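Same order as they appear, the protein sequences are chains B and L. Note that the first sequence covers residues 1 to 467 in our numbering. Note that the second sequence covers residues 1 to 461 in our numbering.
Simulated from the structure, these hints should not be mistaken for lab results. Do not rely on the hints blindly, as some may be mistaken.
[What the hints assert, rightly or not] Just the calculated beta-carbon pair ranges, DEER-fashion:
#1 B:ALA442 x L:ARG396: 54 to 60 angstroms
#2 L:ALA285 x B:ILE201: 55 to 61 angstroms
#3 B:VAL12 x L:PRO426: 57 to 63 angstroms
#4 L:ALA410 x B:ASP426: 51 to 57 angstroms
#5 B:GLN439 x L:ALA69: 39 to 45 angstroms
#6 L:ASP284 x B:LEU444: 45 to 51 angstroms
#7 B:LEU217 x L:SER351: 26 to 32 angstroms
#8 B:ASP426 x L:HIS104: 56 to 62 angstroms
#9 L:LEU211 x B:GLN283: 26 to 32 angstroms
#10 B:ALA66 x L:ASN415: 40 to 46 angstroms
#11 L:LEU168 x B:ILE201: 43 to 49 angstroms
[Claimed, not checked] Selected chain L positions facing chain B (in silico; Cβ < 10 angstroms):
#12 ALA36
#13 ALA43
#14 ALA51
#15 TYR94
#16 GLY117
#17 ARG242
#18 LEU245
#19 TRP252
#20 SER275
#21 SER276
#22 LEU304
#23 GLN306
#24 SER310
#25 THR377
[Stated by the list, open to error] Cβ-to-Cβ under 8 angstroms is the rule here; a few derived chain B residues that face chain L:
#26 ALA50
#27 LEU53
#28 HIS131
#29 ILE135
#30 PRO274
#31 ILE367
Computed from a predicted structure; not experimentally measured. We treat Cβ as the ideally placed atom computed from N, Cα and C, and that holds for glycine.
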Amino acid sequence: MPTLLRLEWRHVRRDLAFWLATLLLVAALIYGLANGLAWTRFQASTIRQAETLAAERLAAARTDAAKFDQAPPANLSPNLDPRDTRGFEFNYLRRFAVLPQAPAAALAVGQSDLLPSLHRVTYRPRDSFLHNYEIENPLRLMLGRFDATFVALYLLPLAVIVIAHGLLARERAGGTLALLQAQPLSLTRWLAARFFLRGGILLGVFAVATWAGWLGLGGAPSALGAVTVWLALVLAYGAFWFALAWFVASHSTSASGSALSLAATWLFFVILFPAGLNLALTQLYPPPSRAAFQDELREGTDDASRRGSQLLAQYLEDHPELAPAGKPGNENDFFRVRFAVNAEVERLAAPLRAAFTAQLGRQQTAIEHLRWLSPTLVLHHESLVLAGTDRARHQRWLAAIGDLHTRTVDFFAPRLLRSANFRDYDQVPALDFREPPPQRIAFLAALAALLIPASALLLLSGRRVGL
Amino acid sequence: MIATIVRHTFAELVRDGRFRLTAALLVVLALVAGLAGWQQVRALHAEAAAAGTGERGRWLGQGGKNPHAAAHYGTYAFKAPRPLAVVDPGVQAYLGSAVFLEAHRQNEPLHRPAQDGTALQRFGDLSPALVGQALLPLLVILLGYAAFAGERERGTLRQLLALGVQPLHLLVGKALGCIAALTLVLVPLAALGVAAAALLAPPGQQGDELLRALAWVAVHTIYLGAFLFLTLAVSALARSARTALVVLLGFWLIGVVALPRALSDLGRSLHPTPSSLAFRNELDAALGDPHGRETLEAQRVAILKQYGVSRTQDLPINWSGIALQFGEERANQIFDRFFQGLWATLAAQDSIFQLGAIVSPAPAIQLLSQALAGNDTAQHLNFLTQAEQHRREMQRTLNGALRDSKGSNAAFDWNRIPPFGFSPPPITSALAPLLPSLAFLIAWFAATAVAATVAVRRLRA
Chain B
1 MPTLLRLEWR HVRRDLAFWL ATLLLVAALI YGLANGLAWT RFQASTIRQA
51 ETLAAERLAA ARTDAAKFDQ APPANLSPNL DPRDTRGFEF NYLRRFAVLP
101 QAPAAALAVG QSDLLPSLHR VTYRPRDSFL HNYEIENPLR LMLGRFDATF
151 VALYLLPLAV IVIAHGLLAR ERAGGTLALL QAQPLSLTRW LAARFFLRGG
201 ILLGVFAVAT WAGWLGLGGA PSALGAVTVW LALVLAYGAF WFALAWFVAS
251 HSTSASGSAL SLAATWLFFV ILFPAGLNLA LTQLYPPPSR AAFQDELREG
301 TDDASRRGSQ LLAQYLEDHP ELAPAGKPGN ENDFFRVRFA VNAEVERLAA
351 PLRAAFTAQL GRQQTAIEHL RWLSPTLVLH HESLVLAGTD RARHQRWLAA
401 IGDLHTRTVD FFAPRLLRSA NFRDYDQVPA LDFREPPPQR IAFLAALAAL
451 LIPASALLLL SGRRVGL
Chain L
1 MIATIVRHTF AELVRDGRFR LTAALLVVLA LVAGLAGWQQ VRALHAEAAA
51 AGTGERGRWL GQGGKNPHAA AHYGTYAFKA PRPLAVVDPG VQAYLGSAVF
101 LEAHRQNEPL HRPAQDGTAL QRFGDLSPAL VGQALLPLLV ILLGYAAFAG
151 ERERGTLRQL LALGVQPLHL LVGKALGCIA ALTLVLVPLA ALGVAAAALL
201 APPGQQGDEL LRALAWVAVH TIYLGAFLFL TLAVSALARS ARTALVVLLG
251 FWLIGVVALP RALSDLGRSL HPTPSSLAFR NELDAALGDP HGRETLEAQR
301 VAILKQYGVS RTQDLPINWS GIALQFGEER ANQIFDRFFQ GLWATLAAQD
351 SIFQLGAIVS PAPAIQLLSQ ALAGNDTAQH LNFLTQAEQH RREMQRTLNG
401 ALRDSKGSNA AFDWNRIPPF GFSPPPITSA LAPLLPSLAF LIAWFAATAV
451 AATVAVRRLR A
């Protein structure tokens with residue numbers, strides 16, 4: 001085998017298409033990593049802005065409260081007074097619930113450019129703050145990002161196709177295959193040397209470029225573990241495409257036929273299957289209408305506002321601690337009614353929002369089952385999970401925001417009713433978002449899902465090499 | 001002779017099982033995607049209309065209310081999909097479909113359909129546009145990569161040339177043969193677009209939508225023509241069919257798959273947009289500029305002088321209405337500065353994308369197709385502009401009513417605020433910013449046709 005590899009190396013050195021494909025792939029990978037890292041820097045800077053704003057406003061609340069205590073200003077509106085719950089909440093509290101970046105977020109932008117990762121959670125109904133999008137060119141959202149995962153999913157297989165499609169067929173077409181068969185040499189071993197040497201170089205260069213690019217472009221060294229896990233999956237994906245190229249080469253009579261078959265397979269896995277599956281799932285589990293959602297919410301809010309006093313009575317039955325203590329007819333009634341109306345709006349909105357979540361959940365479950373049919377979807381899914389830019393993580397974060405909203409309402413309801421002498425600046429509820437432990441089994445299953453078909457293809461193609 | 005070559009090429013292609021299978025698959029894919037899109041367009045239309053009717057009913061049923069309270073109550077403007085979303089949904093899924101029109105604020109649109117989808121949508125929507133722009137060029141490559149290189153490999157090119165067949169006749173014949181075969185796929189796509197424009201367009205817009213559908217078919221024909229001539233040129237120049245195939249697949253990969261993404265990322269690097277948080281903070285800071293209050297005070301003094309009184313209470317008109325409208329006018333200038341600046345940045349990013357058409361015709365056809373379908377960013381911004389104009393007019397009327405309400409108990413007639421109706425820009429306006437794309441596309445067609453002509457003139461067996 002070493003002799004074969006040495007002989008093959010002579011061919012590889014002169015194989016212009018091989019080196020060109022490798023070079024282009026590495027250049028694309030570096031560009032993808034740079035893009036991903038630029039995006040995560042932008043996100044990190046936005047998170048810092050939010051944190052700075054929150055800290056500055058909190059500090060201003062303390063400073064102004066101390067100042068106003070010493071010299072109370074004349075005609076200060078309660079909405080601007082940090083010693084009043086209304087003023088603190090309205091004018092000073094800028095608390096953001098942030099979806100933290102995963103260490104390897106730059107590998108796959110995923111859904112992070114589409115779904116918000118920052119919400120200013122208030123005691124008001126959730127729909128008043130949940131529709132907060134990042135500014136992004138819609139064309140860019142439609143096209144998707146040129147990140148490292150795009151390079152791995154789309155371009156790596158094409159590099160493999162360019163390199164490997166004619167490795168056997170050209171010998172067959174040139175008539176040298178018969179000469180080779182006349183030699184005391186196993187054709188399988190010869191072909192294995194051809195594929196393994198090229199595959200080893202391409203995937204090895206890809207691995208080195210990933211590590212070097214990650215560190216060289218400013219990726220966090222602490223994320224190298226996650227990058228290596230991603231790389232293991234990418235290499236397994238590359239191995240699948242090499243195995244497929246071997247299989248196709250052993251069944252094809254011409255290099256063109258081989259290239260066409262491989263290109264058609266790529267087209268199926270990378271373009272048609274995901275797009276077709278998405279179309280099928282949106283037909284099977286269509287999301288409810290957003291226009292109807294808005295319509296119902298608006299109607300419900302109007303109705304709740306009209307029934308304010310009736311709702312207040314019901315609300316005070318559930319929250320007797322908020323009942324007025326001999327102070328009727330003051331501003332607090334406004335807040336009591338407001339909380340009662342908000343609670344009703346939330347009660348109406350909850351099943352409407354749940355309907356969206358349920359349909360999305362059904363689509364997501366179907367994808368999680370069907371992704372095993374496509375190596376591209378296996379790698380895509382695991383890449384997004386590793387990068388923390390997948391939908392499931394976002395849904396967990398939204399659930400944590402729901403919990404934060406409930407705690408925020410519970411915090412502010414009694415305080416807004418007594419309003420004055422607010423000093424609980426440090427007790428404002430904060431987001432409690434916990435990451436689940438990394439799923440090693442899922443990673444191993446994904447690795448197996450890529451390597452088992454690759455091995456099967458190699459076994460199936462071995463017998464036909466000499467045909 | 002040309003007719004013979006056309007017949008021969010066409011017959012050879014339609015007899016080829018691979019072509020028949022691929023063509024049938026593409027037609028089925030385009031029609032399935034188109035029919036799903038058709039159903040969605042109708043559903044979204046009905047939903048937007050129903051929500052709009054509900055909203056109007058609520059607006060008219062407000063009863064006796066202070067006009068400014070009504071201004072805060074506001075109303076929603078819903079965006080209905082355009083008929084040609086059936087063939088190209090464009091960026092529709094990534095844009096909000098409802099915008100809240102209220103006092104003091106220019107709001108951003110809500111409810112992007114993509115927010116309710118899974119990560120699979122980022123692989124691209126299966127639509128007739130995807131078929132036409134990404135998959136049909138592959139079919140063209142499949143049809144033509146061996147047109148000359150294959151003949152050369154089989155030795156039949158030498159025979160043809162020896163028989164005195166003009167290389168140019170060969171090119172024209174093969175091109176027309178391929179076009180005839182491609183027509184089998186293009187006609188169903190074109191019929192789908194025309195049918196959508198004819199049957200789904202609202203009254204009064206059918207003419208423009210039909211024109212858009214025909215132009216959509218025309219630009220795709222030019223685009224595929226460019227791919228066909230490129231394929232034939234490469235086939236004539238390549239030493240083997242395999243080389244021609246690899247070169248063409250490489251061009252398709254870079255030009256159609258990788259380049260659009262790379263260009264959109266490059267556009268953002270060169271023309272970065274601010275974060276939503278920074279944008280809103282700066283906007284809020286500008287709106288809260290105390291300078292405005294000073295100007296309002298000057299306005300108050302001028303009005304008092306005009307009416308010869310010393311207190312606003314003594315004015316024959318309601319000062320609140322004037323003050324509120326003054327605040328609106330001042331805020332409108334700030335909104336214009338911020339939003340026009342932001343939209344100009346998006347346009348600059350798109351112009352980088354448009355320039356990419358120098359490298360590949362794909363960016364040009366993507367922009368043109370979206371624009372013709374009415375689903376590009378520019379036409380969405382046109383919707384937002386019209387909605388904002390409606391909001392401003394609404395505030396002007398309500399504040400005017402408040403101003404004139406002094407001493408009157410008459411309830412405001414809510415019908416004085418008309419319902420919002422979006423008038424899509426005509427095809428000429430939609431295409432105006434994309435003239436460079438159109439020029440690039442035609443240039444690609446002409447350049448590839450010339451390249452194919454030059455390549456076949458130098459044809460050697």
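Each hint tested on the structure:
Under the hint 54 to 60 angstroms, the C-beta atoms of ALA442 of chain B and ARG396 of chain L, about 58 angstroms apart, fit the expected range. Between ALA285 of chain L and ILE201 of chain B the beta carbons are some 56 angstroms apart, a value that agrees with the proposed interval 55 to 61 angstroms. A hinted range of 57 to 63 angstroms holds for the C-beta pair VAL12 of chain B and PRO426 of chain L, which are about 59 angstroms apart. Taken as a hint, the range 51 to 57 angstroms holds for the pair ALA410 of chain L and ASP426 of chain B, whose Cβ atoms sit roughly 53 angstroms apart.
For the hinted restraint 39 to 45 angstroms between GLN439 of chain B and ALA69 of chain L, the CB-CB distance of approximately 53 angstroms leaves it violated. The given range of 45 to 51 angstroms is respected by ASP284 of chain L and LEU444 of chain B, whose C-beta atoms sit roughly 50 angstroms from each other. The hinted range of 26 to 32 angstroms is satisfied by LEU217 of chain B and SER351 of chain L, whose Cβ atoms lie roughly 27 angstroms apart. A beta carbon spacing of about 33 angstroms between ASP426 of chain B and HIS104 of chain L contradicts the range 56 to 62 angstroms that was offered as a hint.
Distance hint check: the CB atoms of LEU211 of chain L and GLN283 of chain B are about 31 angstroms apart, consistent with the given range 26 to 32 angstroms. A beta carbon spacing of about 54 angstroms between ALA66 of chain B and ASN415 of chain L contradicts the range 40 to 46 angstroms that was offered as a hint. At roughly 45 angstroms, the beta carbons of LEU168 of chain L and ILE201 of chain B sit within the given window of 43 to 49 angstroms. Against a cut-off of 10 angstroms between C-beta atoms, the interface hint on ALA36 of chain L holds, since the closest Cβ of chain B lies about 6 angstroms away.
The restraint placing ALA43 of chain L at the interface with chain B holds, with a minimum CB-CB distance near 7 angstroms, inside the 10 angstroms limit. With a cut of 10 angstroms, the hint placing ALA51 of chain L at the interface with chain B holds, because the nearest CB-to-CB distance is about 4 angstroms. Because the closest C-beta pair between TYR94 of chain L and chain B is about 4 angstroms apart, less than 10 angstroms, the hint holds. Here the hint on GLY117 of chain L is kept, as its CB sits about 7 angstroms from the closest CB of chain B, short of 10 angstroms.
The restraint placing ARG242 of chain L at the interface with chain B holds, with a minimum CB-CB distance near 4 angstroms, inside the 10 angstroms limit. About 5 angstroms separates the beta-carbon of LEU245 of chain L from the nearest beta-carbon of chain B, less than 10 angstroms, and the hint is met. With a cut of 10 angstroms, the hint placing TRP252 of chain L at the interface with chain B holds, because the nearest CB-to-CB distance is about 9 angstroms. For SER275 of chain L, the shortest C-beta to C-beta distance to chain B is roughly 4 angstroms, which falls under 10 angstroms, so the interface hint holds.
Interface restraint check: SER276 of chain L against chain B, minimum CB-CB distance 5 angstroms, threshold 10 angstroms, status holds. With a cut of 10 angstroms, the hint placing LEU304 of chain L at the interface with chain B is violated, because the nearest CB-to-CB distance is about 22 angstroms. The beta carbon of GLN306 of chain L comes no nearer than 28 angstroms to any beta carbon in chain B, farther than 10 angstroms, and the hint placing it at the interface is violated. About 21 angstroms separates the beta-carbon of SER310 of chain L from the nearest beta-carbon of chain B, more than 10 angstroms, and the hint is not met.
Given the 10 angstroms rule on beta carbons, the hint for THR377 of chain L holds: about 5 angstroms separates it from the nearest Cβ of chain B. The restraint placing ALA50 of chain B at the interface with chain L holds, with a minimum CB-CB distance near 6 angstroms, inside the 8 angstroms limit. Because the smallest distance between the Cβ of LEU53 of chain B and any Cβ of chain L comes to about 7 angstroms, under 8 angstroms, the interface hint for this residue holds. Against a cut-off of 8 angstroms between C-beta atoms, the interface hint on HIS131 of chain B holds, since the closest Cβ of chain L lies about 5 angstroms away.
Hint status for ILE135 of chain B relative to chain L: holds, with the closest Cβ pair at about 5 angstroms, below 8 angstroms. Evaluation of the PRO274 of chain B hint against chain L yields a held restraint, the C-beta minimum of about 4 angstroms falling below 8 angstroms. For the restraint placing ILE367 of chain B at the interface with chain L, the shortest Cβ-Cβ distance is roughly 6 angstroms, inside the 8 angstroms limit, so the hint holds.
In terms of the numbered hints stated before, the structure departs from hints 5, 8, 10, 22, 23, 24, listed from lowest to highest.
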